[in-house]
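K.L.:
What follows is the residue order along each chain.
Number of protein chains: 2
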Amino acid sequence: MFDVKDAKAGVTFPKGFKAAGVKAGIKKSGNLDVAVIYTEKEAAVAGTFTQNAVAAAPVFASKAVVATGTAHAITANAGCANACTGEQGNQDAHAMQTITAEALGCEPDDVIVASTGVIGVTLPMDKMENGIRQAVSELSEDGSWNAGHAIITTDTYSKAGSTEFTLGGKPVRLGFIAKGSGMIQPNMATMLCFITTDAAIDQKLLQKALSEVVDVTFNMISVDGDMSTNDMVIVLANGEAGNPKVTSEDADYETFKAKLLELCTGIAQRIASDGEGATKFLTVHVSGTKTYEDAKTIAFSVAKSPLVKTAFFGEDPNWGRVICAVGYAGVPMDPEKTVVKFGDIPVYANGVGADCDAEALRKVMEQHDIVIDIDMGESKDKENDATVWTCDFSYEYVKINGEYHT
Amino acid sequence: MFDVKDAKAGVTFPKGFKAAGVKAGIKKSGNLDVAVIYTEKEAAVAGTFTQNAVAAAPVFASKAVVATGTAHAITANAGCANACTGEQGNQDAHAMQTITAEALGCEPDDVIVASTGVIGVTLPMDKMENGIRQAVSELSEDGSWNAGHAIITTDTYSKAGSTEFTLGGKPVRLGFIAKGSGMIQPNMATMLCFITTDAAIDQKLLQKALSEVVDVTFNMISVDGDMSTNDMVIVLANGEAGNPKVTSEDADYETFKAKLLELCTGIAQRIASDGEGATKFLTVHVSGTKTYEDAKTIAFSVAKSPLVKTAFFGEDPNWGRVICAVGYAGVPMDPEKTVVKFGDIPVYANGVGADCDAEALRKVMEQHDIVIDIDMGESKDKENDATVWTCDFSYEYVKINGEYHT
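Those sequence lines, one after another, are chains V and X.
For the first sequence, the numbering used here begins at 1 and goes up steadily by one.
For the second sequence, the numbering used here begins at 1 and goes up steadily by one.
Derived by calculation from the structure, the hints in this document are not laboratory data.
Accuracy of the hints is not assured; some may be wrong.
The list treats identical chains as one, so a pair stands whether inside a single copy or across any two.
Once the Cα atoms are required to be at most 35 Å apart in a straight line, the calculated DSBU-like pairs of lysine-lysine come out as [stated by the list, open to error]:
hint	residue 1	residue 2
1	15	337
2	15	127
3	380	257
4	380	23
5	257	208
6	245	15
7	363	27
Construct all of the structure, not just a fragment, from the sequences and the given hints.
P.N.:
And the structure:
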């Protein structure tokens with residue numbers, strides 16, 4: 001994982017951002033469920049969204065905000081996804097924007113909206129309205145903890161963090177809150193991530209950096225292979241740091257993008273590691289392929305295999321299931337050239353199981369974090385390497401998802 | 001499911017076939033584990049095999065037999081897959097052929113060989129040799145039951161059956177034994193199916209009929225999305241029925257193919273229904289698409305979704321997860337036109353949840369066999385419909401696969 005400056009700071013660590021999270025009564029549990037993040041100074045906004053053809057109402061509303069290039073606020077709720085809710089859903093998403101804008105004194109199209117939770121149920125708008133107004137009244141520089149907890153569902157903890165670096169001689173900050181857990185998979189699955197920064201950066205460059213970073217971070221995790229209707233990653237950049245504005249792909253842009261990559265890699269790993277019912281965090285690293293696409297295809301084939309995931313749950317060094325998943329990935333391969341390692345221990349080479357120290361291998365399997373390293377032996381080009389993060393498949397996963405009644 | 005003439009008859013129901021199954025000590029449990037099926041009269045042979053790039057040694061050996069066009073015998077074992085066993089594995093697969101041929105008085109390339117079980121372990125050839133010799137000595141017209149039980153692994157029962165019909169005025173018979181359970185998925189997963197028939201049919205037509213039938217039966221089931229290294233479907237046709245030999249795609253060919261389709265549909269359904277830990281048998285039927293490929297893609301997306309499968313395990317009518325899996329299948333769609341039914345009850349239409357009788361829906365969810373019917377509303381052409389058979393995801397699946405140590 002990665003270092004965070006101060007986990008409690010989260011989205012309010014960058015200058016000029018306030019946040020709040022309140023109990024609006026949307027979650028059955030009565031826990032925090034409505035969050036607002038706000039910057040008085042207008043921010044450049046960038047976003048990436050679920051590619052599910054059945055996208056939720058807030059996804060459409062927020063895409064329209066990103067298209068304007070600027071925003072002041074994010075309003076999000078957990079407990080109800082506002083997905084598959086038809087025209088009423090669109091009206092409710094827009095009402096979330098209008099209510100927030102009115103309370104903050106900005107325009108509706110300055111407000112990103114996001115929802116997560118049960119599909120097919122309309123939002124209780126009376127509760128939502130009260131919740132938004134209360135959250136706006138409670139906005140503060142200490143509000144990130146509450147906001148972070150208001151967006152989680154079956155997550156075992158709220159993901160939050162921040163980092164600080166220098167751009168053009170000025171200290172610049174990045175902060176985030178995120179939620180993951182079930183339905184996580186490539187191309188943005190029920191995953192919400194809100195990133196704030198006080199960097200001054202051109203909106204188009206912000207979007208470019210975000211899109212490229214998301215491709216190798218959030219789009220490279222898989223909990224159960226399901227892609228949600230609601231997911232989004234949003235970045236707000238309000239320029240309060242006072243750095244010379246990044247307007248071209250210069251050294252400052254590269255620094256900003258590298259920090260964003262570091263941050264998003266950490267968030268993606270935390271989301272995979274906290275997948276529903278997870279007891280293991282698995283890093284599937286594939287090298288030695290002729291193309292990056294081949295490596296990615298093989299890595300996902302292994303990371304999504306229920307037989308591989310249950311084997312790691314059982315701490316069983318069952319390399320047969322791994323090489324089997326490599327074999328059906330659809331990428332031409334030579335089993336004789338392929339080498340599979342668990343941790344740094346080779347378990348398969350030359351087409352057969354490798355002789356290895358059973359005791360050392362047992363110790364690897366007992367770890368919480370395990371690397372499955374697969375070298376296809378077709379190329380030495382490290383540029384093609386792909387890494388996918390996932391978790392194991394446990395009784396608890398079945399329990400959570402078999403008992404999570406609609 | 002489908003009617004079988006006499007489940008005990010299995011592969012020995014067609015004229016001229018004998019079978020046996022013995023305890024050779026390859027399964028740890030000590031149960032039946034080596035099977036031989038034999039026809040003294042030379043049979044036309046057809047086969048389809050796993051498309052996994054990491055195929056097991058017996059797959060290569062048996063493909064070579066099918067290439068000769070004729071065979072006399074099938075020798076199969078459970079308890080050890082002879083996969084990822086390198087050159088030793090190839091030698092052992094050939095030794096299975098040689099030992100069988102010597103005992104029967106035929107040639108090694110007359111003998112199909114198949115193995116299922118743990119990957120990465122070489123066959124105990126002393127036990128195998130004794131087992132094959134004993135099985136050959138016990139070959140009989142009552143031997144199908146033992147042969148069927150000798151090839152199963154985590155199956156809860158041995159799949160076997162037979163059917164009888166008329167070709168050119170002569171009674172003709174088909175019989176089978178099959179095993180399925182874990183690692184089942186499209187394109188032949190750890191699944192073995194041996195079909196015998198006394199029909200007289202040209203080898204090329206037999207292969208054509210089998211390949212076409214397998215595409216819409218065995219390649220349309222999914223238990224966990226994993227494709228095995230070892231799977232195969234073999235048909236032996238010895239012509240003992242005395243029907244005028246089928247040598248063109250005439251009415252007799254169509255009759256034969258229709259009966260083979262009926263048989264293989266039933267077998268595929270039984271294999272899906274008996275998936276590891278299964279408590280529900282799910283039929284995913286997709287209609288109203290512009291192409292068959294679209295329908296197949298959507299059906300597999302739903303059938304392979306762990307969130308859908310755990311919901312049915314929990315008897316939760318969670319149509320949100322179904323429409324979500326439809327949405328990420330990658331097929332362009334209009335959510336407003338899509339209709340989802342569980343049984344005959346519409347649960348999703350016009351982009352939102354449908355009003356339905358909750359009590360009637362609860363009764364559907366309590367059934368063992370449930371149809372998930374998805375009409376995409378893009379076409380009325382029934383030719384494009386696709387059906388995939390699968391099962392739910394239970395605690396037991398995780399238990400079986402987390403505790404099945406190598």
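K.L.:
Which of the numbered hints are not met once you compare them with the structure shown?
P.N.:
The structure conflicts with hints 1 and 4, although it agrees with all the remaining ones.
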